[in-house]
Every structure is written in structure tokens, then in C-alpha cells.
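Single-letter residue listing:
There are 2 protein chains.
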Amino acid sequence: MSSIFIINNRGEREPFSWRKVYQSALRVGADKALARHIATRVKKEAYNNISTREIFQKVEEYLYQDYPKAGMRFSLKEAMRKLGPSGFPFEKYIGEIFKRLGFTVQINQYLAGKCVLHEIDFLAKIDRQLLIGECKYHALIGSRVDLKVAMATYACYLDLKTGGFFKRKALKNLQTRSILVTNTKFSSEAIRYANCMKMDLLGWRYPENRGLEYVIESNKFYPITILPSLTGECLKLCGEKAIFLVEDILKEDAHHCAQVSGVPEKKILKLQEEARTLLED
Amino acid sequence: MSSIFIINNRGEREPFSWRKVYQSALRVGADKALARHIATRVKKEAYNNISTREIFQKVEEYLYQDYPKAGMRFSLKEAMRKLGPSGFPFEKYIGEIFKRLGFTVQINQYLAGKCVLHEIDFLAKIDRQLLIGECKYHALIGSRVDLKVAMATYACYLDLKTGGFFKRKALKNLQTRSILVTNTKFSSEAIRYANCMKMDLLGWRYPENRGLEYVIESNKFYPITILPSLTGECLKLCGEKAIFLVEDILKEDAHHCAQVSGVPEKKILKLQEEARTLLED
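Quick mapping for you: the protein sequence lines, in order, are chains C and W.
Throughout the first sequence, residue numbering follows my numbering, covering 4 to 284 in sequence.
Throughout the second sequence, residue numbering follows my numbering, covering 4 to 284 in sequence.
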């Protein structure tokens, strides 16, 4: 067992784990030899009370050197953190994902409940199903969406169900569900409550094997914040043009885009090159 | 109209109001002449962008000089802020108030809901009525308890109502209500929601004319943090002895209390003197 301790995202001490680093490298597509090489190198460089974040940065860097695509995929969690709250809001990205999955999506809707008016982050409709979506973005990666948030989301759903909005004829035969989406994890109590109330949850590694990271990975719905060369001015440009997903940057004419926005063309070309690397099969 | 602007507790600019200062002095028992004198003095000393807090401190100081009892009463809001979160929790003080009002009170209870276990700040029972209490303490005086908190409190109540705890025989014929208590104000949406859901609210100036400040004033349930001479060591002593209300400090034997606690006897005698001044008719 390792005698080196690390400080995780929640500020707790835990032993350094070679296996965790190894598996995290495998997970993003490194082969066994590369994963072994990286885990051993990171272990050698780790010191007592090193933060999880610093370990992640090392893994990302070493992956990127040998296998850029895996390096980018590794930074997905951090890329999600770079979304929102201002300019590039998490709920817009989530809305975009649901659109690509075939839903009709409306974001930031004000709907009348029985008691009060609610601001709903998104409504997503497919066939006879309507999801009422609440998004919780956390800048701190280690934080969790807790029971109080789940309860407030459910109470909002209840108030809507008995309110004016759902009395509309067009919504009569729809099956409605409440869904709470986050870029981080859920507390175990929030999960127990949501399951019991038949509320949907979508977050980091939840539901197991079908979490947000899986939805993104398997469909290549990467947020543009995952691209290493993305700077503030490009992020602003993407926000203005509603480019939320990496694949959308490939649809732009770099030359025209540069002329209109004032962002240098070579910066846009660099982003497109990274996008191609990330998305290639 | 005054040309001087102040910054209120919520960080907004508003014109200085002689009348507000005058009325706040009247409210705590100053006569018209004293209230007029204080309002005029404070107006003379006010400068642009002075904070509400600084104005309050001036009023308190000038009241205290001429009429100590009114000076102490004036600081009630600040005394509430000095409660909790650590050592001297708000929910213990609130529990104590409900006890004095004739309720049987239990604080910090874990109760099984249908879905999860809930930590309840207090249960208060009188006759066939049972209140399920949630306390929200805010260190920032200008903050408000918002709709999300009200919804989470209601969802918790719903989960308890359909859960294991309320299936107990002893609770069968009780009328239960959810009550949300705060040392600050409620947002207008939280109030609308609570009224609609038949939840009780108790906070600063709410319900109108029967708010927490009224319950405290009319029953002389002042928290011991209102006493100007209360220092950290005395606060610790009071916490240990479960002395939450000003009237309780008068029941103590100062000499014995000093010997046991190590707090100087003259400090305790000073607190008792202030307590008598505040509570006298």
C-alpha cells in the first residue's frame, strides 16, 4: 500500500492509488502500456497532500503528449466546470444535448404552478413524454447536489402539475417527469429520494453506466470548453453563435468567421484541428 | 426630500429617511421628543453612501445614552444575528420560545419519511396540534428566505406525512402543520407559496404585526445576545447552562456561577443589571 496521501476534491485525505490513475487513463482510451506508464510516472512525482486536481492535470498532460484525443477526453469533467455560470450556461449546453437526442427543447421558461410562477431551466418533449428539467451547475467539482435541492425540485414539479400550465389541452395526454441534471454528483440521500419519488437524475457517473459523462462520450456531445486552445475571445464568439458542442465548430467557415468576429483565423483553424482529433474514430 | 443616499442591507441605494429613523426610535419605546432629537442628530451626521448598519449603530448608541432599555431593544435584530451558527444555535433559541409559549418541544430530531430520514430542527406540540419546524438562520441581515427553501420544507413535510413516523398511534389524531422560522425576512414568492400550501411562516415582521420580533417583544423573550456586556466567555457559559433568554440570567446565583465557571462575578452582575433594565415595566 502506498504511504502517500492525497487531498481529494472534497478536502478529505485518502491514500494515493496507482490503480485509480491507471484505470482513469484506460477509461479515456489509452492502451494498457500507456496507462501503466502514466500511472507509474504520476506515482513517482506525487508527494504527500498533493491535490486530486494536480494529479488530474499531470495525467491529462502526459496523456496529451502521447495521445491527444485521450488527453482531451480526460478533461471532460473540467470542461463541464468551465461552462457557466455566465456567458456559457450549463443549462444551454444540457438543452443542446437533449435536442441532439431528438427532443424538442425550450429553455428558461416561466410556467404557472398552482401557487407561484416557476422559472424552469428546460422543457424537453419527445413523443408523448415531457421532461421538466432543473439544472444545477457547481463550480466546485467535489460538491454534490443534496437532498434539499431534490426536494425543492420535486415540490416545484408538484406545484406545476396542479397548476395552470398543465391544464392546457395540448399537454393533456403527455406523460410528464421531473429531471434534475448536474455537472457533479448527487448525495446518496438525494438519489434515494428521487428514486422513491420517481424523479429522474442525470449527473456525473449517475445513473451508473448511463451518467452524463456516458451520454456525452457515447454521442460525442463534447462541450467546446474541452478544446485546449479555447481562449476567452473564442468562448465569447461561440456563445454569440450558439456553438455549444465541439462538432458545431467544424461547421464554421474559419475565414468568414474570423472576418466577422475579429478572432484571428489561425486560432479558429487550431480549434477545428483539435475538434477533428477529438471526434475522429 | 433628502439629497443624501444610504446603502441598505441588500446593497441597494435609497434616500436617507428622517421619518424612518424617527419611527424606529419610537417603536422601541422612545418618546416623541427623544425620537425627534435622535433622528435629527443622525441626519446631521449621515453622509452619502453611509450603510444602514452604521445608521443603526448611531441610533442604538444615542438611544442607549438617554434610555438604555430602548437602546437594547433596538438591537434585537442584531442580537438575533449573533445567535448561531455555532455554540448558540438559532433553533435552540426558537425551541425555547415555543416552550415558553406552552408547547412541548423536541429539537434536532431524526424522523423517517416515506423516502428518506429527515433531520427536523424542532417538533412543537400543544393540545392536538403538532408543528414540524424548520429553522433558517442567516448571518446576513438583508438576506431573505426564498421560494426554494419554502418548497424544500414543504416537500420534507409531505415525505414525513406519508412516512413511518406519522403512522405511530400516538400521533394519529394530531393536526400537523409545517412551520418555517427565520431571523430575517421571506421573499414574496416564498410567502405566496407558503400561504397557498397552508404552511406557517414566522420571521422578521412576518406575519405582519405578529412576526418574530413581536413574539419576542410582547413576551420579553429576548435572547441573551441582546445584552451589551455579553462577551465571548459569558456566551460560552450561557450555552453550557442552556441560558437562552435574558430572563434566565436573573435566576442564576452570580457568586456561585462565577466560582464554577471562572467568569468574573462582576461581569455576571453587570449582565444581570442590564437584564433587569431591559425587562422592567
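These are computed hints drawn from the structure, not numbers from a lab.
Possibly wrong hints are sitting among the right ones.
It does not matter which identical chain is meant; a pair holds if it fits inside one copy or across any two.
What the hints assert, rightly or not - 25 Å max Cα-Cα, derived DSS-like pairs, lysine-lysine:
hint, residue 1, residue 2
1, K47, K175
2, K170, K151
3, K201, K102
4, K170, K201
5, K117, K164
6, K164, K151
7, K128, K172
8, K164, K80
We went through each hint and held it up to the structure:
For the identical chains of this complex, K47 and K175 are neighbours neither inside a copy (62 Å) nor across copies (64 Å), given an alpha-carbon limit of 25 Å. In this assembly of identical chains, the alpha carbons of K170 and K151 lie at most 25 Å apart only when taken from different copies (24 Å versus 28 Å within one copy). Taking the shortest alpha-carbon separations for K201 and K102, only the intra-copy value of 23 Å comes in at or below 25 Å, while the best inter-copy value is 39 Å. In this assembly of identical chains, the alpha carbons of K170 and K201 lie at most 25 Å apart whether taken from the same copy (22 Å) or from different copies (23 Å).
In this homomeric assembly, K117 and K164 come within 25 Å of each other (Cα to Cα) both inside a single copy, at 8 Å, and across copies, at 21 Å. For the homomeric pair K164 and K151, the shortest alpha-carbon distances inside one copy (20 Å) and between copies (17 Å) are both at most 25 Å. In this assembly of identical chains, K128 and K172 lie within 25 Å of each other by CA distance solely inside one copy; the values are 15 Å within and 45 Å between copies. Taking the shortest alpha-carbon separations for K164 and K80, neither the intra-copy value of 34 Å nor the inter-copy value of 39 Å comes in at or below 25 Å.
The earlier numbered hints that this structure contradicts are 1 and 8.
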